[in-house]
Amino acid sequence: MDFLYLLLQLISAILVAPLFDGISRKLRAKFQSRVGPSIFQTYRDLLKLLKRGRTKSHSTSYIYQIAPYVLFVSAAAMFCALPIAYDTHSGAISQFSDIFVLLYLGALFRFMFIVAGIDTANPFAGVSASREGTLGFYTEEIAVICLVVVMMGTGSTNLAYITTLVQEGNYGYAFPSFSIAATAFLWVMYVETGRKPYDLAEAEQELQEGVLGEYCGKDLAIIDVAILLKQFTMLGFFLVIFIPWSFENPILSLIAFLAEVGFLYVMGVFIDNFGPRFTVNNGIKRTMLFALSISCASLVLYIMGI
Amino acid sequence: MKCDKFIEALGTRVKILEVTRQCDDQVTALVELNDLPEAVRFLYYDMGGYLTTMVPNDERSINKHYALYYALSMEGGKMFAGDEIAQDEKCFVTIKTLISPDSLVFPSVTPLVPACVWYEREAYDMFGLVAEGLPDKRRLVLSDDWPDNLFPLRKDAMDYRYRPDMKDHYMEPEYEFLRPEGSGIIDVPLGPLHITADEPGHFRLFCDGDTIIDADYRLFYQHRGMEKLAENRMNYDQMGYLAERVCGICGYAHAIACIEAAEKAINLEIPARAQAIRVICSEIERLHSHLLNIGLACEVTGNYNAFMHIFRIREYSMKLAELVTGGRKTYGNVVMGGLRRDITGVEIKESLRILQIIETQVDEVWDAVMDDKRQMSRWKGVGILDKQVARDFSPVGPNIRGSGIKRDTRYDHPYDFFKQIQFDVAVVEGGDVFAREMVRYMELKSSVSIIRQCFELMPQTAIIVDPTFHVKPENYALAYVEAPRGDNVHWIMQGSAQKVFRWRCRAATYNNWPSLRFQFRGNNLADAALIVCSLDPCYSCTERVTVVDIKSKKSKILTNADLKNFARTQKDSPLKDLR
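Here the protein sequences come in this chain order: U and C. So for the first sequence, my numbering puts the first residue at 1; every next one is plus one. So for the second sequence, my numbering puts the first residue at 1; every next one is plus one.
Calculated from the structure, these hints are not laboratory results. Don't take each hint at face value.
Claimed, not checked - DSSO-like mimics (lysine-lysine), calculated; alpha carbons at most 30 Å apart, straight line:
1) U/Lys26 to C/Lys319
2) U/Lys30 to C/Lys445
3) U/Lys30 to C/Lys373
4) C/Lys445 to C/Lys373
5) C/Lys373 to U/Lys196
6) U/Lys26 to C/Lys373
7) U/Lys48 to U/Lys196
Unchecked claim - If the Cβ cut is set under 8 Å, some of the chain C residues that face chain U in the computed set are:
8) Asp210
9) Thr301
10) Asn305
11) Met308
12) Arg378
13) Leu525
Every value quoted in this text rests on a predicted model; they were computed, and no experiment measured them. Here a beta-carbon is modelled for each residue, glycine too, at the ideal position from N, C-alpha and C.
Taking the hints into account, I'd like the entire structure generated from these sequences.
Quick look at the structure:
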């Protein structure tokens with residue numbers, strides 16, 4: 001039964017994510033004084049891409065071929081690690097729901113993303129891949145510092161357990177270190193979703209295309225779904241720790257969670273629609289240093305014991 | 001008379017064989033072949049000239065020689081504020097020299113005046129005239145597999161029987177890029193299709209890490225053979241329509257420049273109302289071109305929001321063009337002796353209303369863009385065009401005005417209605433992308449004011465004079481129009497039977513390309529597309545020359561079979577071997 005709920009969690013996210021993407025595209029179009037596509041456009045895009053065959057250039061190796069699947073599987077596993085439709089009572093599955101599992105799966109996702117970019121031998125994909133790697137240096141330590149505060153505070157790395165603790169009010173915003181860590185963590189999770197001004201994934205005009213420049217057809221569709229899932233996971237990662245909102249009924253908590261994540265996702269338009277991208281050695285460095293100092297402040301507060 | 005001062009001074013340096021005057025402000029001095037570099041250098045640096053254009057010409061049927069015309073705009077060096085040459089003394093001085101068809105060699109001016117480099121490379125491609133001492137002798141315009149002994153613009157070339165054999169595209173030789181020496185340098189190709197502009201141009205960036213050390217580029221992938229097409233085939237009214245197809249943006253400026261070159265050569269004065277409407281149209285062109293470029297400069301940095309809003313405003317400028325010329329583009333309006341379409345009072349009233357909308361909305365959006373610190377940090381300090389480099393390479397338009405050099409044809413050599421109009425030349429110091437965009441914004445404002453003045457001062461006269469005239473063979477003249485990207489210069493030598501003998505069309509971007517290399521150096525790879533964009537490059541403008549034969553056949557192969565196949569299978573890129 002628990003496993004069924006887990007499957008439901010994954011499938012419903014895959015089905016609903018393009019809708020929220022469509023809504024954010026529509027909203028963005030309104031800001032840009034355009035009519036914009038229908039909110040179901042992302043479904044159509046994905047269906048169209050799925051119908052297309054796959055092609056591969058002569059300079060690529062097997063990595064190029066397996067990358068979409070590895071990306072999808074790691075993103076799906078990450079999403080499953082979020083305790084939404086299950087909780088601490090779910091036995092074996094809740095053991096899987098662990099902060100380190102998420103972090104390492106995230107690292108696997110990024111690694112595959114970079115390797116796939118470099119493997120195409122497209123110089124622009126290579127450059128973008130190295131930028132993607134650099135972005136990882138900036139975000140991961142901030143995320144880890146925030147999580148260290150949470151892990152030490154709750155004494156556990158199990159997400160299901162942390163969620164229960166925070167929801168029951170035994171641990172949470174009464175601790176300043178926790179609330180400050182929330183700020184930095186949300187920031188980093190936004191960066192991890194790869195949206196402007198931090199987006200490096202695709203269609204970068206500065207670098208002609210970016211990491212996914214060589215992908216097309218079915219492969220691209222799979223990667224797109226994987227990226228959407230990853231974005232949902234990252235926002236969900238923030239939600240399950242810092243704003244847990246679950247119910248007795250797994251279906252109900254799943255619906256609440258998807259609504260929450262979707263809301264955050266669409267609200268991201270207010271950030272990503274305005275202004276240009278950051279360049280790695282200019283904007284990103286500066287703003288991420290700011291986020292880093294917030295997370296350090298929360299760590300210091302924790303050490304001081306508040 | 002104008003120009004005499006410069007000819008006198010030139011006479012003290014080199015021996016002048018002959019002086020001819022084309023019109024009030026254009027004089028040609030014939031010098032000996034060996035004096036050519038010194039004569040051009042003297043006028044360029046010592047007397048304060050800028051290279052406007054250089055025209056090689058096959059005059060074997062006239063005087064049994066090839067001729068070179070180096071046209072210099074005498075307007076002062078402009079390295080400092082203030083004018084060095086009085087407003088009524090500014091003129092064009094052309095240095096002419098003759099080359100014997102037996103030797104086909106001339107001393108290169110490029111080592112002394114770097115601005116000549118592209119012109120002298122093109123002289124070889126088109127006429128087989130070898131510039132002795134030219135540091136960079138690679139082909140510029142023609143494709144790399146063009147036969148060695150075929151020079152398309154020679155009068156006796158391009159006989160049907162000379163048509164070269166077709167080559168498969170994978171047989172085409174590689175173009176040699178000038179690669180800087182040193183280890184650890186990575187080549188990053190930007191192109192052969194520029195992603196933002198969707199136009200063909202191959203920029204090879206040499207990077208150390210993320211920093212561009214040097215760049216080289218290969219352009220002219222699509223030649224249309226317009227100059228050859230015009231020769232001896234088209235009459236002057238048809239010429240105007242051909243010229244406006246040089247460019248999709250500044251087509252009107254090309255049409256005016258081309259027609260005015262012919263009008264100047266026969267000293268035809270057109271009615272004041274026609275002059276005013278010509279100015280209005282070219283300023284409308286400036287409106288939509290600058291809005292396009294500012295929008296794109298936002299878009300390539302990822303600021304789609306600003307891009308979309310700027311394009312919304314641009315739509316009004318298209319509407320304006322529709323009112324004035326009857327079409328969304330300002331095409332099909334210019335003929336010898338005037339214009340084809342007049343404006344009614346109702347249209348003027350509506351135009352003034354739209355101008356008001358454009359003015360307010362441009363201000364609103366520009367203020368929002370200026371307030372965006374992130375946008376400013378992407379623009380400021382990027383792609384700097386040094387003032388001295390600008391002096392050496394004679395760039396034009398916002399590109400040079402962004403480097404603090406007050407160079408504007410409308411101001412230096414007022415043509416048409418500009419003699420009666422008040423406007424400020426937009427000059428911004430700094431030379432970076434921001435400075436160039438700032439120039440464009442200021443010009444948007446001044447364009448709106450110029451159009452208003454034209455509507456106000458426009459007299460009620462006819463819009464066309466009786467276009468019966470007789471051109472004198474071998475007359476030539478230069479005409480210039482400040483297009484949105486800089487001055488478009490057309491040089492026409494008239495032939496017999498109301499036809500053109502030689503048409504040289506120099507688009508603004510042609511003068512802007514050679515210095516681009518210096519703008520790339522030291523910048524971040526992420527800014528490469530932005531730097532190219534800030535030049536407001538026009539690929540089709542520069543690519544007007546050459547003959548269609550091989551090239552057209554090749555492009556046919558690409559479009560029909562290869563390209564479709566490529567689109568279906570995504571294998572075997574037809575552009576692969578062009579890299």
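**OP:** Could you grab the alpha-carbon distance between C/Lys373 and U/Lys196 and see if it respects the 30 Å cut-off?
**Re:** OK: C/Lys373 and U/Lys196 at ~15 Å, within 30 Å.
**OP:** Go through the hint on C/Asn305 and say holds or violated, using the shortest Cβ distance to chain U against 8 Å.
**Re:** Cβ of C/Asn305 sits 5 Å from chain U, so the hint holds.
Subject >> Hint status (Cβ of C/Met308 to nearest Cβ of chain U, threshold 8 Å) >> reply: 4 Å, holds
Original post:
Are the Cα positions of U/Lys30 and C/Lys445 separated by 30 Å at most?
Top reply: 28 Å, holds
Subject >> 30 Å Cα cutoff - pair U/Lys48, U/Lys196 >> reply: 25 Å, holds
Subject >> Restraint status (C-alpha distance of C/Lys445 to C/Lys373 at most 30 Å) >> reply: 23 Å, holds
**OP:** Would you check the hint for U/Lys30 and C/Lys373, treating anything up to 30 Å between C-alpha atoms as holding?
**Re:** Holds, because 23 Å separates the two Cα atoms, which is no more than 30 Å.
**OP:** May I ask you to test the interface hint for C/Thr301 with respect to chain U, counting a Cβ-Cβ separation under 8 Å as satisfied?
**Re:** Check passed: Cβ of C/Thr301 comes within 4 Å of chain U, closer than 8 Å.
Subject >> chain U contact restraint for C/Asp210 - C-beta distance below 8 Å >> reply: Constraint on C/Asp210 satisfied, holds at 7 Å.
**OP:** Would you check the hint for U/Lys26 and C/Lys373, treating anything up to 30 Å between C-alpha atoms as holding?
**Re:** Between U/Lys26 and C/Lys373 the Cα gap is close to 26 Å, so the pair holds against 30 Å.
Subject >> Interface hint status, C/Arg378 versus chain U (Cβ within 8 Å) >> reply: 5 Å, holds
Original post:
Do the alpha carbons of U/Lys26 and C/Lys319 lie within 30 Å of each other, as the hint requires?
Top reply: With a Cα-Cα distance of about 27 Å, the restraint between U/Lys26 and C/Lys319 holds, given a limit of 30 Å.
Of the numbered hints listed earlier, not one is contradicted by the structure.
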